[in-house]
Every structure is written in C-alpha cells, then in structure tokens.
Amino acid sequence: GNSVTQMEGPVTLSEEAFLTINCTYTATGYPSLFWYVQYPGEGLQLLLKATKADDKGSNKGFEATYRKETTSFHLEKGSVQVSDSAVYFCALTLSGGYNKLIFGAGTRLAVHP
Amino acid sequence: GAVVSQHPSWVICKSGTSVKIECRSLDFQATTMFWYRQFPKQSLMLMATSNEGSKATYEQGVEKDKFLINHASLTLSTLTVTSAHPEDSSFYICSARQRGTGYGIGQPQHFGDGTRLSIL
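Line by line, the protein sequences are chains A and B. Position one of the first sequence corresponds to residue 3 (the numbering used here), numbered consecutively onward. Position one of the second sequence corresponds to residue 359 (the numbering used here), numbered consecutively onward.
Treat the hints as calculated values from the structure; they're not laboratory data. Some hints could be false.
What the hints assert, rightly or not - Distance condition first, Cα-Cα at most 35 Å in a straight line; then the derived DSBU-like pairs of lysine-lysine: (1) Lys58(A) - Lys399(B); (2) Lys372(B) - Lys58(A); (3) Lys372(B) - Lys422(B); (4) Lys70(A) - Lys58(A); (5) Lys372(B) - Lys54(A); (6) Lys399(B) - Lys372(B); (7) Lys378(B) - Lys399(B); (8) Lys378(B) - Lys79(A); (9) Lys62(A) - Lys372(B); (10) Lys413(B) - Lys378(B); (11) Lys102(A) - Lys54(A); (12) Lys102(A) - Lys62(A); (13) Lys399(B) - Lys70(A); (14) Lys422(B) - Lys399(B); (15) Lys102(A) - Lys372(B); (16) Lys413(B) - Lys79(A); (17) Lys102(A) - Lys378(B); (18) Lys102(A) - Lys413(B); (19) Lys399(B) - Lys102(A); (20) Lys54(A) - Lys399(B).
Claimed, not checked - FRET-style restraints, in silico, Cβ to Cβ: (21) Gly80(A) - Lys372(B): 27 to 37 Å; (22) Asp423(B) - Glu18(A): 44 to 54 Å; (23) Glu18(A) - Val361(B): 30 to 40 Å; (24) Ser447(B) - Asn61(A): 28 to 38 Å; (25) Thr22(A) - Lys399(B): 35 to 45 Å; (26) Trp368(B) - Met9(A): 25 to 35 Å.
Positions of the beta carbon are idealized from the N, C-alpha and C atoms, including for glycine.
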C-alpha cells in the first residue's frame, strides 16, 4: 500500500545547527510530496512541496528534493532557529480518491539556544 | 490567502453531549473538505472526506452515526460528535481544498488550527 516513513524523533539541536529529517515513501504511481509543520496547539501549515521527480521545494530556508530513485523527500535546513521547534510531517498524495493526504508519523524538532 | 477557520478551538463538555465543530474557508471556496483526528504525539488520521452538496466518504473504522459531517456550502463544513464519551476526546483538525484547483495532486490542503475536545 501507499505509506510514508519518517525518522523517529525527537530531534534535538542547538541553534544554527544543520537539520536533516529523513522521509521515504512507498506509492503506486507518481505522488506529489509535501512537508507540513505543526506548532504547539495549532493545525498544520504547508512548508513546501514537490510534484515530480527531481523537483526541489523550498521555503523559509528549508529544502527538500523529490528523489524518485531512492523514493525519498528528506527535509534540510542549513541553520535552525529556536522558532523552528515544531513537529514536521512528510506527506504524499496520489491521483484519484480526492487526493487524500497520507501522512508520516511526524518528527518533533526541539532547537535550543 | 487560503485561510481556514475552525471553531471552537477548545471545548469541554459532559459525557453524552453532542458537540458541533465548524470549519470555514474564509477567502476561498472549498469543494472538498477533510476531517482528521490526532491523538497526542501522533500523526493525523483521516476520518472522512466531504464534498459540497453530497454525502461524506468515511474512512474504514470511522462510525458514520457517531461523527456526522455536513458540507452544506462551499465555505462551511461541520463535524458533529454525537453523544460524546471520554474516548472521543482528541484534537480534531479540518482542511480544505480550494475550488478551481481541480484534483491536481500538487494542490495543497489548507488546514484549520484544530479543535481540542475534552469529554468529562
């Protein structure tokens, strides 16, 4: 079936450290891939997306590249800030079925000053 | 743009009460809205997909009679938890897909801020 696997958290980093959150997927067909961020007590916000192989999504210093050969969409940021502390969800959609989002389990990031 | 408002943000009520949660798209029309449930420190579980003017499509294992969904207009969907019990306590989140974006799979869903439901 279709699924998304994320690295387990929590990920704890010092401010200005490099961030990588791994995400791999299994899908029949050609999915679109997303990263969403959830701050405490809030809903989800779209962080970035990529709709086809080799696309790079980027926003607010975060980047992720759609790698079809490794079925991956790892999230990276060169220098994290305390304000980046949140839960990050990798997700995919496939055509048909109203394009439901299939989420990974989420990875909690804690950034310390 | 693409703001989704969810109300209430927090509700506490007694067991046996029915609770209605509203999800509104404020600056766009939404042909499709989604309802999710999230347990503490877990991912989102899709409960149902609702389309304006038609019956909601529920995911396997979700009780239709327990979680009533109405999508009466292009800007409003409601989730009613009927005869709520403590096990229904959870964080409920809605999202909306903007009308006119078709079913292109690259179009994102826009999420509300969620409703924390606590049943005593």
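Outcome of the hint check:
1. Lys58(A) - Lys399(B): holds (28 Å)
2. Lys372(B) - Lys58(A): Between Lys372(B) and Lys58(A) the Cα gap is close to 48 Å, so the pair fails against 35 Å, i.e. violated.
3. Lys372(B) - Lys422(B): This hinted pair holds, its Cα atoms lying about 21 Å apart.
4. Lys70(A) - Lys58(A): holds (12 Å)
5. Lys372(B) - Lys54(A): violated (48 Å)
6. Lys399(B) - Lys372(B): holds (25 Å)
7. Lys378(B) - Lys399(B): Given that 35 Å is the threshold and the Cα spacing comes to 24 Å, the pair holds.
8. Lys378(B) - Lys79(A): violated (40 Å)
9. Lys62(A) - Lys372(B): violated (43 Å)
10. Lys413(B) - Lys378(B): OK: Lys413(B) and Lys378(B) at ~17 Å, within 35 Å.
11. Lys102(A) - Lys54(A): holds (17 Å)
12. Lys102(A) - Lys62(A): holds (26 Å)
13. Lys399(B) - Lys70(A): The given pair, whose Cα atoms are some 29 Å apart, holds under the 35 Å limit.
14. Lys422(B) - Lys399(B): holds (25 Å)
15. Lys102(A) - Lys372(B): Holds: Lys102(A) and Lys372(B) sit about 33 Å apart, inside 35 Å.
16. Lys413(B) - Lys79(A): Violated - the C-alpha atoms of Lys79(A) and Lys413(B) are around 42 Å apart, more than 35 Å.
17. Lys102(A) - Lys378(B): holds (23 Å)
18. Lys102(A) - Lys413(B): At roughly 17 Å apart (the allowed maximum being 35 Å), Lys413(B) and Lys102(A) satisfy the hint.
19. Lys399(B) - Lys102(A): holds (21 Å)
20. Lys54(A) - Lys399(B): holds (30 Å)
21. Gly80(A) - Lys372(B): 27 to 37 Å: violated (51 Å)
22. Asp423(B) - Glu18(A): 44 to 54 Å: The hinted range 44 to 54 Å holds for Asp423(B) and Glu18(A), with Cβ atoms some 53 Å apart.
23. Glu18(A) - Val361(B): 30 to 40 Å: holds (32 Å)
24. Ser447(B) - Asn61(A): 28 to 38 Å: holds (34 Å)
25. Thr22(A) - Lys399(B): 35 to 45 Å: violated (21 Å)
26. Trp368(B) - Met9(A): 25 to 35 Å: About 31 Å separates the Cβ atoms of Trp368(B) and Met9(A), which means 25 to 35 Å holds.
When each numbered hint is compared with the structure, violations occur for hints 2, 5, 8, 9, 16, 21 and 25.
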